[in-house]
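Construct the complete structure from the given sequences, taking the supplied hints into account.
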Amino acid sequence: MRRRYSGILAAAVATAMTLTLSGCGGSGDEVTLRLVAADYGDSEANTSRKYWDQLAADYESSHPGVSIDITVHSWADVDKEVADMVRRGEEPDVAQIGSYAGYADRHKLYRADEVLSIPTQADFLPKLAEAGEYRRVQYGMPFAASTRLFFYNKTLLAEAGVEEPPQSWDELRDAARALKDAGVRIPYALPLGPEEAQAETMLWSISGGGTFIDSVGSYTLDSQENVRAFEWLRDEMVTKGLTGPGDPSALNRQDAFDAFTRGEVGMLNGHPTLMRRAEKEGVDLGTAPLPGRTGPAEATMGVNDWLMAFKKNGHRKEIGDFLDYVYSQPNVLEFADRYDMLPVTRSASEAMRADDKHEPLREFLDQLPGAVHYPSHKTTWAYVSRTIKEQIGSAVERDGDPAGVLSRIQRDAFATENASG
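Take 319 as the starting number for the sequence shown in the working numbering and just add one per residue.
Derived from the structure by calculation, the hints contain no laboratory data. Be aware that a few hints might be false.
Unchecked claim - Quick list of in silico lysine-lysine cross-link-like pairs, DSSO-like style, CA-CA up to 30 Å: (1) K426 / K445; (2) K445 / K629; (3) K707 / K426.
Given below as structure tokens:
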């Protein structure tokens with residue numbers, strides 16, 4: 319009888335506690351965190367879904383009461399899918415996409431310091447954390463990074479009589495001319511097609527001493543340095559047939575990379591993923607700093623994708639605990655290794671550098687701390703990036719007008735900035 323009474327009493331207490339917690343917002347219930355992520359894989363065999371499924375399973379096994387609901391979209395769709403969710407009032411708890419500033423501007427996001435532990439936040443590489451700031455407050459949490467280096471096919475350059483990779487624009491032109499004379503189909507690949515023209519544009523801006531924004535955050539797309547870079551490309555590379563057959567505005571990055579792995583491209587700007595693919599196809603490749611106007615460029619471009627935490631569902635504590643797990647050193651290193659990316663934390667970067675199997679990536683790691691990033695903190699960047707993709711290719715056509723094209727993009731950027739402000 320005593321055991322039965324005790325059991326009834328315990329059940330009554332448990333029921334009362336459940337009702338009390340339910341009245342305080344349901345914090346005693348199981349929490350499901352919804353995560354929407356981009357797919358870094360190029361096939362079903364290596365889709366990012368597999369990475370997130372395993373990470374979530376491991377997390378859930380040691381965190382009863384929390385489950386992770388995962389949706390993975392292609393990069394072509396993920397930003398729009400999240401935007402549509404927000405428009406319907408169905409924000410995910412966590413999104414891993416390309417831009418955070420618009421959501422921060424609309425007060426949709428938790429600050430990084432509201433969800434992350436101090437050790438996790440302090441572990442981010444400083445330049446990447448800074449790039450995640452909107453109005454000097456970090457909302458964007460760096461997730462995956464890469465830098466760009468100058469890639470060249472050693473075999474093709476040797477056959478063309480080019481002994482060293484070019485360090486300046488003039489040396490690049492001369493090497494491209496030698497490759498063309500040797501019968502190379504695409505001496506220098508210039509992908510200004512709609513897939514990622516903003517990246518190639520930024521690389522040429524950097525190599526010419528230009529920028530996309532100035533020290534106070536205003537767009538400088540039509541600067542003298544940027545105009546000079548695209549006039550040089552038009553006159554010295556495209557017009558002289560050194561960028562291969564076809565119009566650079568129709569050449570997408572992936573098509574250029576595919577041609578490089580087939581041994582049809584002498585030189586191009588590339589990132590770590592291309593290195594592994596080319597080596598797998600037997601291409602004897604070399605990497606070097608970007609050729610600059612008169613010598614090696616002082617910096618390169620860094621690309622960073624973002625995690626962000628939405629406030630709508632009120633799961634701040636659970637989101638923070640999950641993100642601390644996501645950013646643990648083994649998980650950051652595992653993702654970077656699996657998808658040929660660079661780690662975004664100090665601890666994982668040091669681990670990658672210390673591992674000899676990652677020796678080919680050390681040059682990319684060296685470039686990351688000083689790399690120049692897209693102005694992702696600007697709410698207008700998504701629009702400006704799209705405008706660059708649509709228009710920049712026409713600047714290097716044989717009768718193109720770089721000054722006119724860049725001025726038009728600058729005016730559009732300025733008008734959009736004023737309208738959003």
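Results for each hint:
With a C-alpha separation of about 24 Å, the suggested pair K426 and K445 falls inside the 30 Å cut-off, and the hint holds. For the hint pairing K445 with K629, the CA-to-CA distance comes to about 25 Å; that is within 30 Å, so the pair holds. The suggested pairing of K707 with K426 holds, with an alpha-carbon distance near 28 Å, which does not exceed 30 Å.
Going down the numbered hints, you'll see the structure goes against none, and every one checks out.
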